[in-house]
Structures are given as structure tokens and as C-alpha cells.
Amino acid sequence: MLPQTADYMRLLPEIVLTVFGMIVMVMDAAAEGRGEGRSRGRSIGRIKDRRIEKILGAVALVGSLAAITATFVQAQYPGFAFWNMVQVDSFSVFFHFLVAAVTAVVILTSFEYMEVQQIRAGEYYALILFGAAGMSLMSSAVELVLVFIALEISSISTYVLAGFRRRAAISSESSVKYFLLGSFATAFFLYGVALMFGATGSTNIATIGDVLRSGQIPLLAYAGVALMFVGLGFKVAAAPFHIWTPDVYEGAPSPVVGFMSTAPKAAVFAVLLRIMFEAHAPGRIGLIWVVAALSMTIGNLGALVQDNIKRLLAYSSIAHAGYLLVAYAALPDNGIPAAMFYTASYAAMNVGAFAVVSHFGSAGERYVTLGDYSGLGRRSPLLAATLTIFLLSLIGIPITGGFFAKFYVFSAALQANLVGLVIVGVLNSAVGAYYYLRIIVVMYMREPQQEVPVARIPVGLGFALAISLVTTIYLGVLPGRVLEYASRTATAWMR
Amino acid sequence: MHLILFLAFGAVCVAGAVNLLVQKHPINSALSLVVVMGSLAAEYLLLGAEFVAAVQVIVYAGAVMVLFVFVIMLLNAGEEEETKGSRVAMIFGIPGMLVGSLLIAWVLIEHSGNKSLAAGALPGPPKTIGWLLFHDYLLPFEVTSVLVLIAIMGAVVLAAAPASAGGRKD
Chain A
1 MLPQTADYMR
11 LLPEIVLTVF
21 GMIVMVMDAA
31 AEGRGEGRSR
41 GRSIGRIKDR
51 RIEKILGAVA
61 LVGSLAAITA
71 TFVQAQYPGF
81 AFWNMVQVDS
91 FSVFFHFLVA
101 AVTAVVILTS
111 FEYMEVQQIR
121 AGEYYALILF
131 GAAGMSLMSS
141 AVELVLVFIA
151 LEISSISTYV
161 LAGFRRRAAI
171 SSESSVKYFL
181 LGSFATAFFL
191 YGVALMFGAT
201 GSTNIATIGD
211 VLRSGQIPLL
221 AYAGVALMFV
231 GLGFKVAAAP
241 FHIWTPDVYE
251 GAPSPVVGFM
261 STAPKAAVFA
271 VLLRIMFEAH
281 APGRIGLIWV
291 VAALSMTIGN
301 LGALVQDNIK
311 RLLAYSSIAH
321 AGYLLVAYAA
331 LPDNGIPAAM
341 FYTASYAAMN
351 VGAFAVVSHF
361 GSAGERYVTL
371 GDYSGLGRRS
381 PLLAATLTIF
391 LLSLIGIPIT
401 GGFFAKFYVF
411 SAALQANLVG
421 LVIVGVLNSA
431 VGAYYYLRII
441 VVMYMREPQQ
451 EVPVARIPVG
461 LGFALAISLV
471 TTIYLGVLPG
481 RVLEYASRTA
491 TAWMR
Chain B
1 MHLILFLAFG
11 AVCVAGAVNL
21 LVQKHPINSA
31 LSLVVVMGSL
41 AAEYLLLGAE
51 FVAAVQVIVY
61 AGAVMVLFVF
71 VIMLLNAGEE
81 EETKGSRVAM
91 IFGIPGMLVG
101 SLLIAWVLIE
111 HSGNKSLAAG
121 ALPGPPKTIG
131 WLLFHDYLLP
141 FEVTSVLVLI
151 AIMGAVVLAA
161 APASAGGRKD
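Quick mapping for you: the protein sequence lines, in order, are chains A and B. First residue of the first sequence: 1, per this note's numbering; consecutive thereafter. First residue of the second sequence: 1, per this note's numbering; consecutive thereafter.
So that you can see chain A by itself, here it is in the shape it has in the complex (with noise of 0.2 Å):
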């Protein structure tokens, strides 16, 4: 019995990520040898260089374009691949793409930002590349095992990505808090699924769902359930487990940053909806309602006092992960595809933010406080106006896809009689409000205090923010085929 052509065509999409991955790995290996020989003169060996990280750069976008279109021949065969390990359903294809798509955008982000920061570009897509397989296979493992090994390729890599700014303390300090932090989270996540096992008996979701819901349910199922939560809390920077955020995000290089707030997290989402329904947690509305809650609180309170915009987006991501768990706690049918739909709207605006970040901040990063944006709206009118259509979002005003996101989580929890819940939360949304306005008006009303260069938008940079903001706005005025995607998945897995 070998594993079939389907089996593998269910795996496309991580098999073309790995492969390429590897092309890249190995011609870096090969670029070096070379360009040592070749490197008498410097400055020549120097733009070689330079010359074969961009191609480099661009087997890898090749790399992530490849899944994109994999992802639509692997929906081609929906069902189960590798013996019950993975699941191909339109859930599955949904993160896939989306997967796929983040990193495509941030490849074309770190173009520019890998030149201008003098980094060793080659490793760096190849570990993103195969950040994205994990985080692929995420979506789609059905059995826990696979659960904990492709999040560990997908926290592995990001641990690593965060570090490469090799010539900044800060960055190799987050780098080291991240793995350690990370590692004892991850522990958690794995001894919760150990408890879980004993408490049914089995480590694939969808028993694990049949046993909890056909008799009583075991306190050792609550035990496992509670800490498997705690270990995927830590990756969603959800509250409690949010201390690591800001310190990480502020030292990490910022596509990386765009990368790990939005590809990971949209991975462990996934794994967190086919737990809490599918495997049909134990204990779930409590849980999410008080982390939900402390995420949404804390994350505002704390983006409220920040001055470098890193960080405020640190405490903007934790609060976005609060408003996202509060769709975990409505009911299945309407909660799924809310929640499928924000982490969708929330990749869009988040990426796209990013990248004006990293742009803006020139080499070393120098100009990432507040102080630093003002007048840019003069400066840069582009750059300004496609960082407040991100702002607007990450806000929920209309026509943008963040508005229609927090609308749907709401309403989803409003059918569940959860209206505490969503006045914590509309509380959240106006207190969020008040920083995202400030950096507006930052940009656009204050006069500089110093000179900051703007340097051109260079053609990856545009593709980068041109797409995050054309999703951004298309989620924002037509979302109903993505929301009516999203719920085809939600019947499809309640049927």
C-alpha cells in the first residue's frame, strides 16, 4: 500500500514550497563558492552579490506564485491524504492560499529591505519557504501529531527569521526570547495533546470529536484542551500569553514581522477552529471568552502609551487576536466563517502596514518612532495614503476590509447571546480608534522635527503594497464571495 497520485496532489502545495526551499538553499550554497573566487575586486564581487540574492529572491517569489497556483490543483481532489493525516476541503485550500499569498507579498517586500539592510539574503527565502510549507501542512493536518511537527517547521523558522538582522543587538535579543518563550509554549501545546490522547484515546481531531461528544466527557479532555490552547495562545500573541509580542516585533526585520503577525498566526487559527469545533473542545466559550476579553483590553491599553510604531502594532496584533477569538466563541455556523474572513482581512491590512514600515525605515531601521512620520503625508503622499487606508482598516472603518471583518465576529457573537462580549469589545474598537488616528494625524498634520529621507518605491515594494491594498479594499466593498466561500466550509464540516 504506497501512498497514491492523489495523496500526493493533496500535498502540492507544501511539496512545491519545500522543493523550491530547497533550489533556493542549494543555490545559495553554489552562488557562494563561487562568488568567492570571483570577489578579488570587491566592489564587483559585491554587486554579484547583490545581483544573485535577487535572483535568489526571485526562485523564491517563483516558489510561492507556484503554491498559489498549486493550491487550486490540490482543491481539485478534496479528501483525506497519507492515511487520515491530512484533510483537503475548501478549509484547508482557504489557508493554503492564503498561506501562499502572504508569502509572495512578503518576498516582494524584502527586495528592497534586504539591499537597503545589508543582509545575507540567501537563507532567509529559503527559510521562509519552508516556514510556509509548516505553516501549510498546519491547515490541513487533521491529526495532532502532524499538528505539533508542522508547527514547529512554521515556529522554527519564524524563531530564526527574527534574528537576521545579525548586526542589531535587539534583533538577535528577540530572536533568543522568541525560541525560548516559544519552546516552553510549544511544550505545553504537545503535553496538552498527550492528555488529551489519554482522555480519548486517540490523536486524530475528528475522533477525538466523535469520543467527546458521544459520552461524558473526561476532566482530563478540559486539562488537555486547556493547554493545548495555552501553547497555540502563545502563537496568536493572545493575552495572557502576549508578553513576548512587542519586544519580538520590535527587534525582528519589519517583512519579517509583516510575515509572522499574519502567515503563522492565520496557520494556528486554523488548527485552533478545527480543535475548538471539529474536535468539539471542551469548556470553549468560557475559555475564549475571558482570553478574548484580556487580549481586546490589554492590546489597546498597551498600543495606547507606545511610541515606536513596531511596537504599537505589536499591541495592535494582540488586540486584533482578541477580536478574532471572540468568532471562536459564537456558534460553529456563523462563528467559522467570521472568523475565516478576519484572519483573511487582517493578513491584507497587516502585511500591508508592514511594508510601509519597512520601506520607511531606511537602513538600520532607523526611523520607526512616531516623531519619524510626521509631515510624511507632504513628503510622500503615496506612502502616506496607502499606510491610512491600513490604519482605516486595522481600525474597521467602512469600505475597508477590517470594517466587515469586526462586523461579522460581532454579529456572530451577538447570535450567540454573547453581548458581553461584543460591548468589551466595541468598547476595544473606540479605544484602538484613538492610536490608529494618531499616527494619521501625525502624518498628515504635524511639521517634522529633522529631515527624514524618502527613498523612491522600488517595483517589488509597489506590487507588495498594490495587492495588500487591493485585497484590503475588495474585502472591504465586495466581501460576499469570500464570506460565502467560507461558510460553504462551515456547512460542509457541520453537515
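What the hints contain is simulated information worked out from the structure, not anything from laboratory work. For every residue, glycine included, the Cβ atom is placed at its ideal position computed from N, Cα and C. Worth double-checking, as some hints may not be accurate.
Derived lysine-lysine pairs resembling DSS-like cross-links, with alpha carbons at most 27 Å apart [to be verified]: (1) B:Lys24 - B:Lys84; (2) B:Lys84 - A:Lys177; (3) B:Lys24 - A:Lys177.
Just so you have them, the derived chain A footprint on chain B, three or more residues with Cβ under 8 Å [stated by the list, open to error]: (4) 87-100; (5) 104-110; (6) 148-155.
Pairwise CB distance ranges, derived in the manner of DEER restraints [stated by the list, open to error]: (7) B:Pro126 - A:Thr207: 17 to 27 Å; (8) B:Glu110 - A:Ser90: 35 to 45 Å; (9) B:Asn19 - A:Leu427: 46 to 56 Å; (10) B:Leu74 - A:Thr207: 42 to 52 Å; (11) B:Glu81 - A:Pro453: 40 to 50 Å; (12) B:Leu102 - A:Gly201: 21 to 31 Å.
Given the structure of chain A, go ahead and fit chain B onto it with the hints provided.
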């Protein structure tokens, strides 16, 4: 007899783990880790998982520990420096940990009456494990290679000398 042995090895294991944390010199900590790994192997054996027990001894107590000791010697790691430690960890961490472990222990004891598995009920012999590993769990097994690959890459990236101003190291 089984139970007594199991509890005894369990106690040794926990004591080794605590000692690992308390010891100041890395070599002492590494040797306590050997005790932890060894007693875990004994626990596996008592549960009827003889293959896993053997692997535990060979891989963890053997190979991994040798690597640990080598690294400690190569780095010539000396005694740990005392730091004050954070007050938050003292006030919340230790009681939190105690409450947490007691809670889990209580849940486990509460549960143990329900449907405990007899020793040896889970797959133990190499043949079943081989079948599981290379058939049912083939995909996780293969994907682990990607995990190892990126771990190696990560180590290379983070340990390599920072690039010179030219970008690549010359």
C-alpha cells in the same frame, strides 16, 4: 511490584530533573539529565514499551548526552553566575507552577479510575512501531526531515560570523 518500581523510578526522575535546575555547574546539570533520561527509559520498560525504552537509552541517554557534554567541554562553560532573578517569577511563578502541577495531578488521579490501559496494551514491539512509523505516520515521519533541515539552517545562519559591510562575508 510493578507499581513500586514505577513509583521509585518516577521519584528518581523528578529528583534528577529538580537537581538539573538547581545545580550551578553545567556538567552537573548534564549528568542529572542522564539520570532523568535513564529513569524515563525504565518507566517506558515498565509500561511495556521495550523498543522505546531501548531507543531512549541509546539515543537520549547515549548519543544526545555525549553531544551535550562535548559542547559543554568545547565551550569550556564555567559555573553559572548568580542573578537575582525576577521578583514576578518568585511571587507568581513558583506558586503558579505548584498550583498548576497539583491541578493536573488531581485531574489525572480523578481520571485514572475511568478506563486505564493495562501495561502492554499499547504497541510496544518493534514490528508494530515500524508499521506505525512507516505506514500510518509516514507523513509526519517524512516531514520531520524538513524540521531538522531548518533547524540546521537556523543554527548556521545564527552562528555564522555577521556579514561584513559588503553584505556577504568575503
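Hints, one by one, checked against the model:
A distance of roughly 14 Å separates the Cα atoms of Lys24 of chain B and Lys84 of chain B; the hinted pair therefore holds under the 27 Å criterion. At most 27 Å may separate the alpha-carbon atoms for a hinted pair to count; Lys84 of chain B and Lys177 of chain A meet this at roughly 19 Å. A hinted pair counts as satisfied when its Cα atoms are at most 27 Å apart, and Lys24 of chain B with Lys177 of chain A qualifies at roughly 22 Å. Requiring three or more residues with a Cβ within less than 8 Å of a Cβ of chain A, the coverage given for the stretch 87-100 of chain B is violated, as only 0 such residues are present.
Proximity of the stretch 104-110 of chain B to chain A, defined as three or more residues with a beta carbon under 8 Å from a beta carbon of that chain, is established by the 4 residues found. A stretch counts as covered by a chain when three or more of its residues have a beta carbon under 8 Å from one of that chain; for the stretch 148-155 of chain B and chain A the count is 5, and the coverage holds. Judged by the Cβ atoms, the range 17 to 27 Å given for Pro126 of chain B and Thr207 of chain A holds: they are separated by roughly 25 Å. Take Glu110 of chain B and Ser90 of chain A: their Cβ atoms lie about 40 Å apart, and the range 35 to 45 Å holds.
Checked against the given bound of 46 to 56 Å, the beta carbons of Asn19 of chain B and Leu427 of chain A, roughly 50 Å apart, stay inside it. At roughly 47 Å, the beta-carbon separation of Leu74 of chain B and Thr207 of chain A lies within the given 42 to 52 Å, and the hint holds. The hinted range of 40 to 50 Å is satisfied by Glu81 of chain B and Pro453 of chain A, whose Cβ atoms lie roughly 44 Å apart. Look at Leu102 of chain B against Gly201 of chain A: about 25 Å separates their beta carbons, and that is inside 21 to 31 Å.
The structure does not agree with numbered hint 4 stated previously, though it agrees with all others.
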